[in-house]
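2 protein chains.
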Amino acid sequence: MESERTNSSTPKGRGVNFSAPRSFFLKFSCKCKETFFPDDPFKPISQEPNGLMKTKKTLQYFVPIFEWLPKYNLQKLRYDVLAGITITSLAVPQGISYANLAGIPPIIGLYSSFVPPFVYAVLGSSHTLAVGTVAACSLLIAETFGEELLKTDPNLYLHLIFTSAFVTGVFQFALGFFRLGMLVDFLSHSTITGFMGGTAIIILLQQLKGVFGIVHFTHKTDVVSVLHSVFSHRDEWKWQSSLAGVCFLIFLQSTRYIKKIKPKLFWVSAMGPMVVVLVGCLVAFLVKGTEHGIKTVGPLKKGLNPPSIQYLTFDAKYLPLVLKAGIVTGLIALAEGIAIGRSFAVMKNEQTDGNKEMIAFGLMNIIGSFTSCYLTTGPFSKTAVNYNAGTKTPMSNIVMGFCMMLVLLFLAPVFSYTPLVALAAIIMSAMLGLIDYEEMYHLFKVDKFDFLVCMSAFFGVSFISMDYGLIISVGFSVLRALLYVARPSTCKLGRIPNSVMFRDIEQYPGAEEMLGYVILQMGSPIFFANSTYVRERILRWIRDEPEGVEFLLLDLSGVSSVDMTGMETLLEVRRILVSKGIKMVIINPRFEVLEKMMLSHFVEKIGKEYVFLSIDDAVQACRFNLSTTAKPEP
Amino acid sequence: MESERTNSSTPKGRGVNFSAPRSFFLKFSCKCKETFFPDDPFKPISQEPNGLMKTKKTLQYFVPIFEWLPKYNLQKLRYDVLAGITITSLAVPQGISYANLAGIPPIIGLYSSFVPPFVYAVLGSSHTLAVGTVAACSLLIAETFGEELLKTDPNLYLHLIFTSAFVTGVFQFALGFFRLGMLVDFLSHSTITGFMGGTAIIILLQQLKGVFGIVHFTHKTDVVSVLHSVFSHRDEWKWQSSLAGVCFLIFLQSTRYIKKIKPKLFWVSAMGPMVVVLVGCLVAFLVKGTEHGIKTVGPLKKGLNPPSIQYLTFDAKYLPLVLKAGIVTGLIALAEGIAIGRSFAVMKNEQTDGNKEMIAFGLMNIIGSFTSCYLTTGPFSKTAVNYNAGTKTPMSNIVMGFCMMLVLLFLAPVFSYTPLVALAAIIMSAMLGLIDYEEMYHLFKVDKFDFLVCMSAFFGVSFISMDYGLIISVGFSVLRALLYVARPSTCKLGRIPNSVMFRDIEQYPGAEEMLGYVILQMGSPIFFANSTYVRERILRWIRDEPEGVEFLLLDLSGVSSVDMTGMETLLEVRRILVSKGIKMVIINPRFEVLEKMMLSHFVEKIGKEYVFLSIDDAVQACRFNLSTTAKPEP
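Same order as they appear, the protein sequences are chains Z and L. Each residue of the first sequence is one higher than the last, beginning at 1 in our numbering. Each residue of the second sequence is one higher than the last, beginning at 1 in our numbering.
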């Protein structure tokens with residue numbers, strides 16, 4: 001049986017390591033590495049012995065296609081072709097729908113599913129992600145540039161959207177290159193859940209325009225304006241359109257239901273939108289729908305993406321708008337794409353690299369903006385379908401790209417008959433799947449603050465606007481982080497009977513307090529922002545003690561950082577305690593904390609004999625050596 | 001000799017407390033108390049048995065004069081009268097000087113040392129603080145409202161300054177009342193050091209105007225503009241003024257030097273400014289200085305503070321300026337006043353209550369703004385003199401108030417002869433004492449980030465402007481807090497030989513690692529903002545292990561908070577590990593963390609048998625029960 005001490009009368013035999021602090025540059029480089037390269041990405045490269053292998057590994061690191069393509073085989077191709085065709089059947093209707101949502105020509109939506117998938121297939125590290133446009137960002141772009149500009153100068157509007165996609169690309173690339181992925185982390189899962197839910201609500205409601213065939217509709221996105229707009233134009237409602245919309249929606253929802261009860265039939269739900277579009281086209285073509293109040297998408301030209309690099313405009317008048325749209329949608333697209341890529345990677349026991357993904361997304365959008373594409377990322381719906389279809393590698397994106405090429409070259413005109421109401425039904429059905437009630441309820445049950453963050457995004461987006469909703473929600477998240485730093489939780493420890501363990505007496509009511517000792521476990525960090533609190537809290541623990549206190553033991557095991565103000569606070573507490581005849585003892589300061597304590601002469605001021613490696617050592621020493629009423633050792 | 005375990009074969013006899021989590025409202029009220037009432041201020045009141053005593057204690061709590069006045073005696077009065085007279089001799093020249101700096105009539109500076117001290121004496125909890133105007137805030141006010149307004153409409157300018165003092169008062173009162181003192185905590189000691197230093201530099205340089213007697217001077221406050229202004233108007237330099245200035249400055253600096261080498265002679269330095277003013281007045285009167293290029297303060301009326309409540313203007317045009325000036329100066333004044341009050345209280349083993357101080361400062365400024373006073377707080381210079389003069393209670397402020405009354409009633413006209421150059425010398429001498437080189441060097445040596453925060457305030461204030469300097473510095477501080485949350489430091493533990501203690505192997509190189517085990521001490525918190533980092537870091541520790549890993553032990557003793565994203569990250573890590581055949585074990589989750597883990601079914605998912613109270617328990621269990629290659633117990 002091991003014992004805590006080899007000899008109970010010499011607890012100092014095994015003391016705190018007071019060796020000289022590390023140099024500033026060593027500490028600084030450690031800090032930088034932890035901050036920007038926590039995953040140490042270049043280690044496998046530097047471990048390679050010879051130069052050729054090093055080059056190969058480096059190339060594979062930066063361009064992942066060189067890693068999976070050499071190992072590719074026909075077996076995998078079968079799966080990827082199947083998955084590629086399935087996601088194409090989703091990409092066509094979604095591309096047209098979301099372009100419509102963004103207020104740009106529907107063909108741009110198709111273009112956006114042709115070039116970007118190739119770029120991602122070469123550079124992306126996720127093997128499941130399917131590239132495409134997303135509803136939330138499409139609407140956010142439309143909201144930023146405004147319907148007025150769209151009406152007065154649709155060409156300029158389109159060019160600004162290309163430019164904002166370019167800005168998004170550069171921003172995403174820069175984030176990845178400078179390894180600032182942590183910015184995306186501040187969009188927490190709760191924020192994204194709420195934001196997606198709120199966006200889904202407002203997009204859903206906006207589709208009522210298409211379903212009812214309303215002509216005069218508000219430009220605002222908030223729930224109140226949209227509902228008011230829907231019901232104040234009841235005279236414009238068209239029964240033909242409404243009937244078709246309801247039928248399509250019921251059909252789509254039932255395909256989703258089929259998928260839900262029989263996951264193997266995922267392709268039914270994946271093909272659903274395509275079926276709706278084709279049926280819609282057929283009906284519109286046969287009954288000459290336009291004459292009966294059913295509006296269609298309108299002419300779609302054959303042919304591949306024309307270049308658009310000459311359209312990028314950096315006019316000072318619109319630059320703030322372009323930057324805002326580019327950066328905000330870039331962040332949201334990243335947060336969504338990375339989160340989705342990661343969750344599917346976990347299911348398949350693969351790993352994705354956040355910073356590499358950002359570079360891939362960034363280049364995808366830069367090249368996209370040169371070839372008439374607007375913002376693309378990894379949307380949830382497409383990626384889920386891709387996963388269910390059994391994709392093995394990013395080859396499915398390449399297959400989708402080829403399929404889209406065929407569509408663009410030969411089939412595009414067919415889709416010009418697509419009724420708007422079919423698109424509305426497709427969008428509505430997709431949006432219904434994005435409101436994650438269960439997750440919200442789970443947040444409510446487990447963490448009320450997370451629920452608040454989620455709800456502020458949800459209601460902010462629904463009732464104010466998309467960007468304000470996001471800002472409020474992120475604001476609450478940051479507030480939480482700051483509150484955490486401002487109020488690190490302290491607790492009082494007691495000894496677990498028959499052991500040398502000391503635990504929170506509130507959590508373990510059986511833990512024994514010792515007369516004359518107050519043992520506190522300090523929360524981390526001890527910082528300028530909480531120094532007053534830490535001081536008040538310690539003094540209150542002492543004041544609350546019914547009997548006299550002789551020793552205050554501060555367990556710093558959990559404190560990973562202190563700053564100057566924090567250290568001065570500890571000294572101040574000590575001065576106050578000394579005047580009351582109480583001795584302060586420090587226990588197990590961690591590496592960085594102890595270094596700073598030695599540099600600032602804190603240890604000298606309180607004395608090395610008051611710093612211990614464990615609570616038990618300290619209690620023993622207090623009993624035998626430090627006590628004013630010292631008893632001789634037994 | 002105690003042992004870690006009573007029986008090594010049953011480490012589960014003393015397990016984690018999995019009892020049901022507390023209710024939300026209990027947790028919420030605990031959180032609120034920790035956040036807003038960490039010092040539990042009403043406990044002494046609620047502990048009183050009968051109603052009368054309760055009322056008395058409550059009164060004493062809110063109006064501290066009732067606490068010290070009944071115990072007052074002649075002995076204390078002697079000290080307080082001496083201290084009061086000493087600080088009056090400082091208050092007169094400083095009042096005139098700082099009013100001059102703020103661009104308001106000098107008499108306002110004298111008024112500001114008459115009413116506020118009485119208010120503070122009744123409500124303030126510090127026994128050392130001396131009330132008065134401060135240079136930094138005076139300049140900041142002048143900078144906010146701008147010289148242009150001062151020239152076009154000096155009356156409006158003055159009224160806006162009264163209004164901003166009112167806003168400051170209301171803001172300070174509200175902060176104290178709603179117990180939001182933590183906002184002030186975000187102005188760290190390093191920020192204040194840098195801000196004071198930078199302000200001292202620009203005020204010093206501005207005084208060159210007075211010393212050289214320059215007429216045309218820049219309105220900007222940054223170093224470059226001011227120096228350019230000084231040297232581009234060399235034709236306006238007056239030798240008489242410069243000579244007088246240098247003499248006064250040498251005299252004042254030598255009184256400070258005397259105090260430094262003989263602290264008992266503090267009164268020499270305290271009386272210095274008064275001597276300079278009186279000598280200046282005498283010389284100016286005798287030689288008719290104004291005719292020789294020595295400008296004086298100008299007419300000062302006899303009489304007490306006239307009411308100014310009717311001048312408070314809340315004109316929408318100036319309201320943003322007023323609010324900005326009021327709130328920014330309010331925060332700085334609070335940070336300075338509270339910090340100074342606290343540091344002197346510590347020297348005298350007294351306690352001050354931050355939130356109560358805010359209420360006192362707030363009411364002092366509200367009442368001040370009604371009686372022709374501008375912003376007052378507890379300036380360092382006056383408080384230090386008060387302390388050295390041996391003040392015992394806030395009675396010294398009352399004495400100062402009475403002395404100021406006498407000055408205002410009878411002596412004010414005497415000071416109208418004060419040469420501006422004497423004021424400039426007084427301000428310069430005071431400012432030289434505010435640049436704390438030693439503290440800055442100390443910060444540089446101990447904490448580079450604190451030094452960065454300090455220097456950003458210092459150079460921001462000197463070269464850009466006071467508010468930007470402050471914002472940049474606070475920005476860095478908040479960035480640090482957020483970085484701390486985004487990158488909680490993890491470390492790998494090893495067993496200290498012959499013990500059951502596990503410590504950082506980097507800090508204690510003698511600690512032994514165990515084959516097949518990776519033991520990590522997690523940093524706090526595990527949050528949305530760091531979940532990616534935590535995941536990458538854990539996986540890297542595992543990847544870096546040269547031999548195979550069978551168990552990952554996560555010591556959560558130091559983790560005081562997790563959120564949903566954090567918990568999902570831990571589950572994600574576990575899924576990845578399980579696929580690699582590694583088992584994840586959780587050690588000593590704290591109260592709040594365990595509650596959340598149980599609410600979110602985290603514990604169910606990983607299994608209660610994977611949660612332990614101590615690392616040693618876990619290691620024993622891993623060895624005997626959880627191992628796949630389980631050996632029979634010995």
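Treat the hints loosely; a few may be bogus.
Copies of the same chain look alike in the list, so a pair counts if it works inside one copy or between any two.
[Claimed, not checked] Straight-line distance between alpha carbons at most 25 Å, and here's what the computed DMTMM-like set of lysine to aspartate or glutamate pairs gives: (1) K348 / E572; (2) K220 / D153; (3) K56 / D39; (4) K220 / D467.
Don't read these hints as lab results, they were simulated from the structure.
For each hint, the structure was consulted:
| no. | hint | in the structure |
| --- | --- | --- |
| 1 | K348 / E572 | between (54 Å within a copy, 12 Å between copies) |
| 2 | K220 / D153 | within (19 Å within a copy, 45 Å between copies) |
| 3 | K56 / D39 | within (20 Å within a copy, 62 Å between copies) |
| 4 | K220 / D467 | within (13 Å within a copy, 37 Å between copies) |
When each numbered hint is compared with the structure, no violation occurs for any of them.
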